[in-house]
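First to last, the protein sequences are chains S and W. 50 is the number of the first residue of the first sequence in the working numbering; add one for each residue after it. 50 is the number of the first residue of the second sequence in the working numbering; add one for each residue after it.
Treat the hints with care, as some may be off.
To be verified - Below, a list of computed lysine-lysine pairs in the DSSO-like style, where the Cα atoms sit at most 30 Å apart:
#: 1; chain 1: S; residue 1: K73; chain 2: W; residue 2: K73
#: 2; chain 1: W; residue 1: K66; chain 2: S; residue 2: K51
#: 3; chain 1: W; residue 1: K84; chain 2: S; residue 2: K89
What the hints assert, rightly or not - Taking CB as the label site, the calculated pair distances span:
#: 4; chain 1: W; residue 1: G69; chain 2: S; residue 2: K187; range: 41 to 49 Å
#: 5; chain 1: S; residue 1: I164; chain 2: W; residue 2: Q85; range: 17 to 25 Å
#: 6; chain 1: W; residue 1: S194; chain 2: S; residue 2: Q65; range: 54 to 62 Å
#: 7; chain 1: S; residue 1: A143; chain 2: W; residue 2: F204; range: 55 to 63 Å
#: 8; chain 1: W; residue 1: E235; chain 2: S; residue 2: E103; range: 39 to 47 Å
In short, the hints are calculated from the structure, not lab data. For every residue, glycine included, the Cβ atom is placed at its ideal position computed from N, Cα and C.
Number of protein chains: 2
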Amino acid sequence: MKYSSKLIADAVSEFQKLPGIGEKTALRLVLHLLKQDKQKVAYFSEAVSRMRSEIRFCSRCQNVADHELCDICGNNMRDQTQICLVESIRDIIAIENTNTYRGTYHVIGGVISPIDGVGPDQLNIPGLLERVQAGGVKEVIMALSPTIEGDTTIFYISRKLKDYEVQITSIARGVSFGGELEYTDELTLGRSIATRLPYENTSLKSS
Amino acid sequence: MKYSSKLIADAVSEFQKLPGIGEKTALRLVLHLLKQDKQKVAYFSEAVSRMRSEIRFCSRCQNVADHELCDICGNNMRDQTQICLVESIRDIIAIENTNTYRGTYHVIGGVISPIDGVGPDQLNIPGLLERVQAGGVKEVIMALSPTIEGDTTIFYISRKLKDYEVQITSIARGVSFGGELEYTDELTLGRSIATRLPYENTSLKSS
C-alpha cells in the first residue's frame, strides 16, 4: 500500500512485524494511535521500550523479573520445596491463572528437539540440577508439552535427577473437562484409561 | 491475568488499549517482543512515538504529511483542478491504492450526523470553500460514505458550492464487481438500475 507519509509507513511496517498482524490491521492500529493524544501514544511507546530494555530474568528460575529474584522465588509464602518445570514464561502465566499451585517454577526455555536443532545443552537444565543439588527440593513437577519432544525431555531430565532424593511427578494427561469422549483422540483417551485413578482422588482440590 | 513483572503487565495493558486486541493477544505480542533484540524493540517503539509526535497535517487538504504540504498536494504531476472530498485519511489510502485517480484530495474529518453531535461546524468545510474560492478548481468529487449522513453532507456542501463555477460529481454507487445480484440489497440494486449508463461508458479506465 502507499502512504503519503514516511512516518506512517514506518510505523505500519513495524506493527506488521508482530505475529498475526497484517498490513491492513497494522494500518488500523496506526490510524487509531494517530487519533490519540500525543501523551497517550508516548506512554504506549515507553511501556514497550522499557519492558524490553529493563526486563530481567530471575537468577533462580529464569522467569521474568523486575528484580534479582522474581516475585515467585522471592515470596516466602510459596512452597520452595516444589519446582514446576515449564518450557516458557507463558506456561507460568497459564499455571498461575489456575490459582491451584503454590510452589515455585523453573523455566528451561524449550524442549529437546533434534529436528529443530535443540539439544539438552541449549536448555536451562544445569540451573535445575544446581537447585536440586543445593538441597531442600522435595518434588519436581514436569509440566512440559504432551508431545514426543516433551516426553523425551522429561525422560532426559528424570535420568539426570535419579541420584537425588527428589520425587518426580508429571501433570495429569487425560480428557479435558467439558470435552466429549467421542471426539478425544485415541492416544489421550487410551492413556486416560491406563492411568485411571481411584474415584476419591479425582475431585478438584488445590495442591 | 497475573504477570510476575510490572513491566510486562504495563506493556500488556498498553497493547490492550488498541482496537481489536484483547488480553491474550496483547500478551502474545508482548512475549514476542520480549524474544526480539533490544535494538529491534527500540526501533518499534521509536517508530510509533515519532509517528505521533512528528506527524503534520497538510495545510491544504489535511492529509497526513511529513512537510507543510502532503506528497499529493505538493506534487505537480497531480491534477490540482480536481478535488476528491473524503471523510478520513484512511479513504485517501484506499483510493490511492486503486491507482485510478490523479487529482488531489480534501479531508473533511467526518460526516454531518446530528445523532453523534457532529454538525457542519465540526467539519473542515471552510478549508474546501477557500480552495474553491481561490480559483483553479474545476471539479469536486464527493467520495463520502453511501449513508444518510454522507448524503446529507454532500447535499450541504453542494449547496455551499452552488455559487462557484465548479462541477460537482459523486463516486458511482451500484453492485460490486464479483458480487451476486441476488445478494445485493434492494436499495443498491434499485439505484444501480435507475442510474444505469450507456454500455460504452462502463469499461474500467482511469480518470
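Hints, verified against the model:
1. S:K73 x W:K73: 20 Å, holds
2. W:K66 x S:K51: Cα-Cα ~26 Å, so holds.
3. W:K84 x S:K89: 25 Å, holds
4. W:G69 x S:K187: 41 to 49 Å: 46 Å, holds
5. S:I164 x W:Q85: 17 to 25 Å: Given about 24 Å between the Cβ atoms, the range holds.
6. W:S194 x S:Q65: 54 to 62 Å: 27 Å, violated
7. S:A143 x W:F204: 55 to 63 Å: Since the Cβ atoms of A143 (chain S) and F204 (chain W) sit about 56 Å apart, the hinted range of 55 to 63 Å holds.
8. W:E235 x S:E103: 39 to 47 Å: Violated - the Cβ-Cβ distance for E235 (chain W) and E103 (chain S), about 59 Å, lies outside 39 to 47 Å.
The structure fails hints 6, 8 (numbered hints given earlier, in ascending order).
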